[in-house]
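Number of protein chains: 2
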Amino acid sequence: MFVDIESVPPIEIFPGVRIRTPYGKNLMLSYVESEDGAVVSFHHHPHEQGGVVLSGRLELTIGSETRTLRPGEMYIIPPDTPHRAAAAGGRTVVMDVFSPVREDYAARTEQAAKLSRDGASAEQRR
Amino acid sequence: MFVDIESVPPIEIFPGVRIRTPYGKNLMLSYVESEDGAVVSFHHHPHEQGGVVLSGRLELTIGSETRTLRPGEMYIIPPDTPHRAAAAGGRTVVMDVFSPVREDYAARTEQAAKLSRDGASAEQRR
Numbered sequence: 001m002f003v004d005i006e007s008v009p010p011i012e013i014f015p016g017v018r019i020r021t022p023y024g025k026n027l028m029l030s031y032v033e034s035e036d037g038a039v040v041s042f043h044h045h046p047h048e049q050g051g052v053v054l055s056g057r058l059e060l061t062i063g064s065e066t067r068t069l070r071p072g073e074m075y076i077i078p079p080d081t082p083h084r085a086a087a088a089g090g091r092t093v094v095m096d097v098f099s100p101v102r103e104d105y106a107a108r109t110e111q112a113a114k115l116s117r118d119g120a121s122a123e124q125r126r
Numbered sequence: 127m128f129v130d131i132e133s134v135p136p137i138e139i140f141p142g143v144r145i146r147t148p149y150g151k152n153l154m155l156s157y158v159e160s161e162d163g164a165v166v167s168f169h170h171h172p173h174e175q176g177g178v179v180l181s182g183r184l185e186l187t188i189g190s191e192t193r194t195l196r197p198g199e200m201y202i203i204p205p206d207t208p209h210r211a212a213a214a215g216g217r218t219v220v221m222d223v224f225s226p227v228r229e230d231y232a233a234r235t236e237q238a239a240k241l242s243r244d245g246a247s248a249e250q251r252r
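Residue numbers (my numbering), protein chains in the order written: chain A, 1 to 126; chain B, 127 to 252.
Calculated directly from the structure, the hints in this document are not laboratory data.
There could be a bad hint or two in this list.
[Unchecked claim] Distance condition first, Cα-Cα at most 25 Å in a straight line; then the derived SDA-like pairs of lysine to any residue:
{"hint": "1", "chain 1": "A", "residue 1": "K114", "chain 2": "A", "residue 2": "E6"}
{"hint": "2", "chain 1": "B", "residue 1": "K151", "chain 2": "A", "residue 2": "G63"}
{"hint": "3", "chain 1": "A", "residue 1": "K25", "chain 2": "B", "residue 2": "H173"}
{"hint": "4", "chain 1": "A", "residue 1": "K25", "chain 2": "B", "residue 2": "E138"}
{"hint": "5", "chain 1": "B", "residue 1": "K151", "chain 2": "A", "residue 2": "G24"}
[Stated by the list, open to error] Residues of chain B placed beyond 12 Å of chain A at every Cβ, according to the derived structure:
{"hint": "6", "residue": "S167"}
{"hint": "7", "residue": "G215"}
{"hint": "8", "residue": "R234"}
Backbone N, C-alpha and C fix where the C-beta goes; we use that ideal spot for every residue, glycine too.
So here's chain A without its partners, still in its complex pose:
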């Protein structure tokens, strides 16, 4: 499928960090938009995570190593490995990818889509 990213409802996972997460069977993409200075604090999950910076600067820590990545730079975070990310040079956009699919984000995306549809229906009934 071709992803029309504007049609995927955003989820705010940390202050100033919005993700849109289209997904398939094995893969979930995550289009991450972060305001300057916004932080995804240390966390870990059993899902392997890869990614590439699309614009801005991403200060990324994987385990005990920190680097500041520019557009086109990539990473692979092994399962269960603590990591942290911060937008370090203006608004920063990243494409992350998870495998397996993160069921928590899938559920939140479906819920946000339903709310959006219900809102549109209520609007029509007026």
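Got chain A; can you put chain B on it based on the hints?
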């Protein structure tokens, strides 16, 4: 891990199309550089594939639908679905992602890395 893409040996999969494929446990990234007009002809595989355009223009066909994608535009190609791609506006760079890992590309990457190491050793022995 942080990917130093220059340290990953390229594989030429079609004329004018070079990929570099760092990988983990569930995910393989594929940094694809295509010369203007280069084509990845119709093919399919059981691995699910996602991707995002980093620069240039990608004319992508998934099944029977064709669209020309710009930087930041994304796609998810279900397993076993025929697809084709062409660089349609100058040199085009894409980040693809596969899950599960493509063992054929992993083997070719390891082989290319070994050849590169052997070459470096032969150089040192001179």
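**OP:** Mind checking the alpha carbons of K151 of chain B and G63 of chain A for me, to see if they're no more than 25 Å apart?
**Re:** holds (17 Å)
Original post:
Does the structure keep K25 of chain A and E138 of chain B at a Cα separation of 25 Å or less?
Top reply: violated (28 Å)
Subject >> Status of the stated non-contact between R234 of chain B and chain A (beta carbon gap over 12 Å) >> reply: Check passes; 18 Å lies beyond 12 Å.
Original post:
Straight-line Cα separation of K151 of chain B and G24 of chain A no greater than 25 Å?
Top reply: holds (18 Å)
Original post:
Would the least Cβ to Cβ distance between G215 of chain B and chain A come out above 12 Å?
Top reply: Consistent with the label, G215 of chain B stays out of reach of chain A, its closest Cβ about 17 Å off (over 12 Å).
Subject >> Minimum Cβ-Cβ distance from S167 of chain B to chain A exceeds 12 Å >> reply: With a cut-off of 12 Å, S167 of chain B remains clear of chain A, as the shortest Cβ separation is near 20 Å.
Original post:
Is the hinted pair K114 of chain A and E6 of chain A satisfied, with a Cα-Cα distance of at most 25 Å?
Top reply: holds (15 Å)
Original post:
Hey, K25 of chain A versus H173 of chain B, does the alpha-carbon distance stay inside 25 Å?
Top reply: holds (10 Å)
Going through the hint list in order, the structure does not satisfy hint 4, though it satisfies all others.
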